[in-house]
Amino acid sequence: MPRFLKLMAVFAVLVLMTACVTPPPAFDYFAFNAARPRSILVLPPRNQSPEISAAYGVLSQVTLPLAESGYYVLPVALVDETFRQNGMTVADDIRDVPVAKLYEIFGADAALYIDIIEYGAKYLLFDSAAVVTLSATLVDLRSGQTLWTGRTSATNAQNNNNGGGGIGALLVAAMVKQILNSVSDASYTVAGMASTQLLAAGQPRGLLYGPRHPPLP
Amino acid sequence: MTMNKLSIGGCAALASLLLTSCVAPPRSLYQWENYQPQLYEYFKGGSIEAQVAELERGLVVIRAKNALPPPGYHAQLGLLYSSLGKEDQMVQEFQTEKSLFPEAAPYMDFLLNNARQAATARAQEGN
Numbered sequence: 001m002p003r004f005l006k007l008m009a010v011f012a013v014l015v016l017m018t019a020c021v022t023p024p025p026a027f028d029y030f031a032f033n034a035a036r037p038r039s040i041l042v043l044p045p046r047n048q049s050p051e052i053s054a055a056y057g058v059l060s061q062v063t064l065p066l067a068e069s070g071y072y073v074l075p076v077a078l079v080d081e082t083f084r085q086n087g088m089t090v091a092d093d094i095r096d097v098p099v100a101k102l103y104e105i106f107g108a109d110a111a112l113y114i115d116i117i118e119y120g121a122k123y124l125l126f127d128s129a130a131v132v133t134l135s136a137t138l139v140d141l142r143s144g145q146t147l148w149t150g151r152t153s154a155t156n157a158q159n160n161n162n163g164g165g166g167i168g169a170l171l172v173a174a175m176v177k178q179i180l181n182s183v184s185d186a187s188y189t190v191a192g193m194a195s196t197q198l199l200a201a202g203q204p205r206g207l208l209y210g211p212r213h214p215p216l217p
Numbered sequence: 001m002t003m004n005k006l007s008i009g010g011c012a013a014l015a016s017l018l019l020t021s022c023v024a025p026p027r028s029l030y031q032w033e034n035y036q037p038q039l040y041e042y043f044k045g046g047s048i049e050a051q052v053a054e055l056e057r058g059l060v061v062i063r064a065k066n067a068l069p070p071p072g073y074h075a076q077l078g079l080l081y082s083s084l085g086k087e088d089q090m091v092q093e094f095q096t097e098k099s100l101f102p103e104a105a106p107y108m109d110f111l112l113n114n115a116r117q118a119a120t121a122r123a124q125e126g127n
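Order-wise, the sequence lines are chains A and B. Each residue of the first sequence is one higher than the one before, starting from 1 at the first, in my numbering. Each residue of the second sequence is one higher than the one before, starting from 1 at the first, in my numbering.
Fair warning: there could be bad hints in the mix.
Unchecked claim - List time: in silico EDC-like cross-link candidates among lysine to aspartate or glutamate, alpha-carbon distance up to 20 Å:
hint	chain 1	residue 1	chain 2	residue 2
1	A	K101	A	D140
2	B	K44	B	E54
3	B	K98	A	E104
4	B	K65	B	E49
5	B	K98	A	E81
6	B	K98	B	E87
7	B	K86	B	D109
8	B	K44	A	E81
9	B	K98	B	E56
10	A	K101	A	E81
11	B	K44	A	D185
12	B	K86	B	E49
13	B	K98	B	D88
14	B	K98	B	D109
15	A	K122	A	D185
16	B	K65	B	D109
17	A	K122	A	E51
18	B	K86	A	E81
19	B	K86	B	E54
20	A	K101	B	D109
21	B	K44	A	E51
It is worth saying that the hints were derived from the structure and are not from the lab.
All chains, please: the whole structure from these sequences, using the hints.
Below, the structure is given as C-alpha cells:
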C-alpha cells in the first residue's frame with residue numbers, strides 16, 4: 001500500500017511537472033529563415049464549409065496582411081483567372097499542380113495553401129455567430145519545402161449580447177442575429193479578421209516579416 | 001548668423017526626425033483604397049465598368065497622397081481593362097505593376113507574352 005502511494009506521488013509530481021514545464025511547441029523557423037521568400041502566390045483556397053462564397057471571401061482579403069508584412073503578393077484575381085483559363089476551377093486540382101510548374105508560370109518564391117475549415121453562421125442556443133476558421137501552409141516553390149503552417153479562428157460573437165429581458169428577449173435577439181449573420185455579409189467581415197489574425201507577421205508562431213517591411217527598431 | 005540659423009534649423013529637423021522615429025505608430029506600407037472590396041466584387045461577378053471606375057478613383061487618391069498602391073492593384077486594373085477589350089491599357093497596367101514591384105516581373109512577362117501571342121493569332125486569322 002505505501003508503495004502504491006509512493007508511486008502515485010511520483011506520478012502526480014510528474015504530471016504536475018509536465019503540465020507546468022511543457023511550453024507550447026516552438027515553431028522551427030530554420031527553413032523559413034534559410035528560404036527568405038520575397039513574393040507569395042496565394043492559391044485559391046480549398047473550401048470545406050458549405051458556404052459557396054467562402055473561397056472568394058477569404059481570397060479577396062489575404063493580400064493586405066501579407067503585403068503589410070513585407071511580401072509581394074501576386075494579384076489574386078488575376079492568378080485565379082490564369083488557372084481558369086487553363087481549365088482549373090477546382091481548388092483540389094490546383095493543389096495538385098507540382099510546385100515546379102507553379103514556379104515556372106508565376107515566378108513566386110513561395111505559395112500559400114489555404115484551407116477554409118469553417119465559414120458562416122453558427123447557431124448556438126441563445127446566440128448565433130459568424131465564425132471563420134482557416135489553416136494555411138507556406139511552401140517554398142523552388143524546393144517544395146514547407147516553411148510555415150498556421151491555423152486560426154475568428155468570430156463576431158464577442159460583446160454581442162445585450163443583457164436583460166429574460167429568455168424571451170434572448171431568443172428574439174438570437175433570432176434577429178441569426179438572420180443578420182446569414183443575410184448580411186457578416187462572414188465576410190469575420191473572414192477579414194481571420195485572415196489578419198492568421199497572416200500578419202510578427203506574432204508568436206506567426207509568419208516572419210518579408211523584405212519589404214522596414215527593419216524593426 | 002546664417003551658420004547659427006542653419007544649425008538651429010538642423011537641430012530642429014534632427015529633433016523632429018528623432019521624435020517621429022520614436023513616436024510614430026507602425027505606418028501602412030501602402031495606400032489600399034478599395035482594392036480588396038473590389039477584388040470581392042470581381043469574384044462575385046459585379047460590374048466591370050464600376051470596378052474600373054472605383055480603382056481609377058482610388059489611383060487619383062493614392063497619387064495625391066504620394067503613396068504607393070498595394071501589390072496587385074495595377075495588375076487588377078489591367079485584368080479589368082482586358083475584359084473590356086482595352087488591350088493597350090492592360091499592357092500599360094501590367095508594365096506599371098512590374099516597375100513598382102520587380103518581384104512581379106516573371107508573371108507579368110508570362111501574361112504579356114500570352115497577350116502578344118493571342119494578338120498575333122488574331123491578326124493571322126484576320127488575313
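Each hint, compared with the structure:
1. Taking the CA atoms of K101/A and D140/A, the gap is about 13 Å. The hint holds against a cut of 20 Å.
2. Using a Cα cut-off of 20 Å, the hinted pair K44/B and E54/B holds, with the two alpha carbons roughly 16 Å apart.
3. Taken as a hint, the K98/B and E104/A pair is honoured in the structure, with Cα atoms around 17 Å apart against an allowance of 20 Å.
4. Our distance criterion of 20 Å between C-alpha atoms is broken by K65/B and E49/B, whose separation comes to about 25 Å.
5. In summary, the hint linking K98/B to E81/A is supported, as the alpha carbons are separated by about 18 Å, within the 20 Å threshold.
6. With a C-alpha separation of about 17 Å, the suggested pair K98/B and E87/B falls inside the 20 Å cut-off, and the hint holds.
7. Of the supplied pair hints, the one linking K86/B and D109/B holds, its CA atoms being roughly 18 Å apart against a limit of 20 Å.
8. Using a Cα cut-off of 20 Å, the hinted pair K44/B and E81/A holds, with the two alpha carbons roughly 13 Å apart.
9. The suggested pairing of K98/B with E56/B holds, with an alpha-carbon distance near 18 Å, which does not exceed 20 Å.
10. Between K101/A and E81/A the alpha-carbon distance is near 16 Å, which keeps this suggested pair within the 20 Å criterion.
11. Taking the CA atoms of K44/B and D185/A, the gap is about 13 Å. The hint holds against a cut of 20 Å.
12. Restraint check: the Cα-Cα separation between K86/B and E49/B comes to about 12 Å, which is no more than 20 Å; the hinted pair holds.
13. With a CA separation close to 16 Å, the supplied pair K98/B and D88/B stays within the 20 Å bound.
14. The hinted pair formed by K98/B and D109/B meets the criterion: a straight-line CA distance of about 9 Å does not exceed 20 Å.
15. Simply put, K122/A and D185/A have alpha-carbon atoms about 14 Å apart, close enough for the 20 Å limit, and the pair holds.
16. Between the alpha carbons of K65/B and D109/B the distance comes to roughly 29 Å, so the proposed pair goes past 20 Å and is violated.
17. Simply put, K122/A and E51/A have alpha-carbon atoms about 12 Å apart, close enough for the 20 Å limit, and the pair holds.
18. Simply put, K86/B and E81/A have alpha-carbon atoms about 17 Å apart, close enough for the 20 Å limit, and the pair holds.
19. About 17 Å separates the Cα atoms of K86/B and E54/B, which keeps this hinted pair within 20 Å; it holds.
20. At most 20 Å may separate the alpha-carbon atoms for a hinted pair to count; K101/A and D109/B meet this at roughly 16 Å.
21. Using a Cα cut-off of 20 Å, the hinted pair K44/B and E51/A holds, with the two alpha carbons roughly 13 Å apart.
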